[in-house]
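J.: Model the full assembly from the supplied sequences, consistent with the hints where possible.
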Amino acid sequence: MRSKIPMLLLAVLPLMVQVSEGVAAPPEKPNFIVLFADDQGWGDLGVYGHPDIRTPHIDRMAREGARFTSFYAAPFCGPSRAALMTGSYPPRLSLDFNHGPKASTGIHPDEITVAELLRERGYATQMIGKWHLGDAPEFLPHRHGFDSWFGIPFSNDMWRYHPVMPVREPEDERMISARQRADLTGFAGKGTHYDLEKGQGFPHPLPLMRDDEVVEVDPDQRSLTTAYTELALEFIEEHRDGPFFLYLPYAMPHVPLFVSNRRWGKSLRGRYGDVIEELDWSVGRILDKLGDLGIDRNTLVVYTSDNGPWLQYGIDAGSAGPFRLGKSTTWEGGMRVPGIFWMPGSIPAGRVTSAVAANMDLLPTFAGLAGSDLPDDRILDGRDLWPLLSGASEESPHDYFYFFHGSRPGAPPRMEGIRMGRYKLRLRSTASGELEALQLYDLLADAGEKFDIRERHSALVEELLVQARSFLADLEADTRPLGGL
Numbered sequence: 007m008r009s010k011i012p013m014l015l016l017a018v019l020p021l022m023v024q025v026s027e028g029v030a031a032p033p034e035k036p037n038f039i040v041l042f043a044d045d046q047g048w049g050d051l052g053v054y055g056h057p058d059i060r061t062p063h064i065d066r067m068a069r070e071g072a073r074f075t076s077f078y079a080a081p082f083c084g085p086s087r088a089a090l091m092t093g094s095y096p097p098r099l100s101l102d103f104n105h106g107p108k109a110s111t112g113i114h115p116d117e118i119t120v121a122e123l124l125r126e127r128g129y130a131t132q133m134i135g136k137w138h139l140g141d142a143p144e145f146l147p148h149r150h151g152f153d154s155w156f157g158i159p160f161s162n163d164m165w166r167y168h169p170v171m172p173v174r175e176p177e178d179e180r181m182i183s184a185r186q187r188a189d190l191t192g193f194a195g196k197g198t199h200y201d202l203e204k205g206q207g208f209p210h211p212l213p214l215m216r217d218d219e220v221v222e223v224d225p226d227q228r229s230l231t232t233a234y235t236e237l238a239l240e241f242i243e244e245h246r247d248g249p250f251f252l253y254l255p256y257a258m259p260h261v262p263l264f265v266s267n268r269r270w271g272k273s274l275r276g277r278y279g280d281v282i283e284e285l286d287w288s289v290g291r292i293l294d295k296l297g298d299l300g301i302d303r304n305t306l307v308v309y310t311s312d313n314g315p316w317l318q319y320g321i322d323a324g325s326a327g328p329f330r331l332g333k334s335t336t337w338e339g340g341m342r343v344p345g346i347f348w349m350p351g352s353i354p355a356g357r358v359t360s361a362v363a364a365n366m367d368l369l370p371t372f373a374g375l376a377g378s379d380l381p382d383d384r385i386l387d388g389r390d391l392w393p394l395l396s397g398a399s400e401e402s403p404h405d406y407f408y409f410f411h412g413s414r415p416g417a418p419p420r421m422e423g424i425r426m427g428r429y430k431l432r433l434r435s436t437a438s439g440e441l442e443a444l445q446l447y448d449l450l451a452d453a454g455e456k457f458d459i460r461e462r463h464s465a466l467v468e469e470l471l472v473q474a475r476s477f478l479a480d481l482e483a484d485t486r487p488l489g490g491l
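In terms of the working numbering, the sequence shown opens at residue 7 and continues consecutively.
Hints are computed from structural coordinates only; laboratory data are not their basis.
From the three backbone atoms N, C-alpha and C, an ideal C-beta is built for every residue, glycine too.
Check the hints yourself; a few may be wrong.
Claimed, not checked - Have a look at the derived ranges for each label pair, beta carbon to beta carbon: (1) Ala-437 - Ser-476: 17 to 23 angstroms; (2) Arg-268 - Thr-436: 27 to 33 angstroms; (3) Val-221 - Asp-452: 26 to 32 angstroms; (4) Val-472 - Ala-398: 20 to 26 angstroms; (5) Pro-115 - Ala-417: 21 to 27 angstroms; (6) Pro-107 - Trp-270: 26 to 32 angstroms; (7) Pro-115 - Glu-244: 24 to 30 angstroms; (8) Val-472 - Pro-418: 16 to 22 angstroms; (9) Asp-383 - Pro-418: 52 to 58 angstroms; (10) Glu-222 - Ala-30: 26 to 32 angstroms; (11) Arg-475 - Gln-318: 28 to 34 angstroms.
To be verified - Once the Cα atoms are required to be at most 30 angstroms apart in a straight line, the calculated DSSO-like pairs of lysine-lysine come out as: (12) Lys-272 - Lys-35; (13) Lys-272 - Lys-295; (14) Lys-108 - Lys-204.
T.: So, in structure tokens, the structure goes:
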């Protein structure tokens, strides 16, 4: 069923498309795998232009599938995962902030997740990795549509060895050089981390969990990517006859950076490159398993990230490519992320599109392919991407895309931008709560958001401002509650 948001006329982005022959209709009830990196930037993959990090398996996904150049997440970990799970902008479900350990809130039990929709259609559902939507028992993944879960309930830095953020000084080059020389594993007290005795960092241990059971505290994170990958392969093998949904949100490359001994020092980009190349190794193992089992043409695999790079960590952070700034901002570098979709035989090989899409679109896309009706008792902001993925359409399903910075629990939504086609208008709220226009950018001509063209397009600025105010008012009138203990 359709979302309740009215469809409006769109100034459509042009698409760059290469379509291969022999594309077939998607199979009935295909398998779904979401591979979700943490704090990986748009520019951290070979296929997105990184000159030194080698990612042949992820590049293969793009070569054999579809690659988005305007794929969006939220600017923070928790809100981005909320959008992916529910098909909604994070403030729509009052989950526009990051949860820490021992949180008293989390995803509401009445939210309908993509896992719940698919399980109702007979899918086996498995999550392996980071959740970050509340760590109390009632908020954990196996109570929100997943048959089982193994992983960490929040970010891997929310422990006693939280790494110190470098002080930003004018002498950035000196700081980065010192950062390169430092031992920053952050494990078992080694490296540079905040001092708990001074009230810094996180006092609680990091739990590695299987459903409700804590199987280890402060795990050696060097083994996490490998452990997650092996469990994913076992799940795929066990459910080879399908249908299944596997959600694998990796811990990496969120700081503190960890990599297995076999990958240590192997990349040209130092520890960060080692970590990304290990993620690529994991992707390769999963793609190979699908091929070995003969179910690759029956499985849609998505690779993306939860937000842009955490640039404050200097050399330990990734790259936003040509885009401005990174994580925790609504500039393009904070929210534009890799978006690669792979399904041999159903998605045209080598398809590249600049159409606007977002991780909240995964729920309606998967529901449509699985034959599941969308809930009609709530507004969903996500849209079905399959017409765009399959080549049936060359238009974004979004007339407008909205940029929300994140806000404290109970605070009003903080809208900081609206995009229509190639244009993005940055916004701010006045003291009275009224939206006002800041800069206007043409993202096709100016991906780095350097040149404000607001003075030349006053009518467009007013049109976008009116639309943003209208959408914000509608959202505030139809916001769903946050879950609480």
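J.: Now tell me if each hint is right for this structure.
T.: Outcome of the hint check:
1. Ala-437 - Ser-476: 17 to 23 angstroms: 21 angstroms, holds
2. Arg-268 - Thr-436: 27 to 33 angstroms: 55 angstroms, violated
3. Val-221 - Asp-452: 26 to 32 angstroms: Once the Cβ atoms are compared, 49 angstroms apart, the range 26 to 32 angstroms for Asp-452 and Val-221 is violated.
4. Val-472 - Ala-398: 20 to 26 angstroms: 32 angstroms, violated
5. Pro-115 - Ala-417: 21 to 27 angstroms: At 23 angstroms between Cβs, range holds.
6. Pro-107 - Trp-270: 26 to 32 angstroms: Holds: the Cβ-Cβ distance is about 29 angstroms, inside 26 to 32 angstroms.
7. Pro-115 - Glu-244: 24 to 30 angstroms: 28 angstroms, holds
8. Val-472 - Pro-418: 16 to 22 angstroms: 19 angstroms, holds
9. Asp-383 - Pro-418: 52 to 58 angstroms: 24 angstroms, violated
10. Glu-222 - Ala-30: 26 to 32 angstroms: Distance hint for Glu-222, Ala-30 is violated at roughly 45 angstroms.
11. Arg-475 - Gln-318: 28 to 34 angstroms: For Gln-318 against Arg-475, whose Cβ atoms are near 32 angstroms apart, the range 28 to 34 angstroms holds.
12. Lys-272 - Lys-35: With a Cα-Cα distance of about 40 angstroms, the restraint between Lys-272 and Lys-35 is violated, given a limit of 30 angstroms.
13. Lys-272 - Lys-295: 24 angstroms, holds
14. Lys-108 - Lys-204: 20 angstroms, holds
Of the numbered hints stated above, those contradicted by the structure are hints 2, 3, 4, 9, 10 and 12, listed in ascending order.
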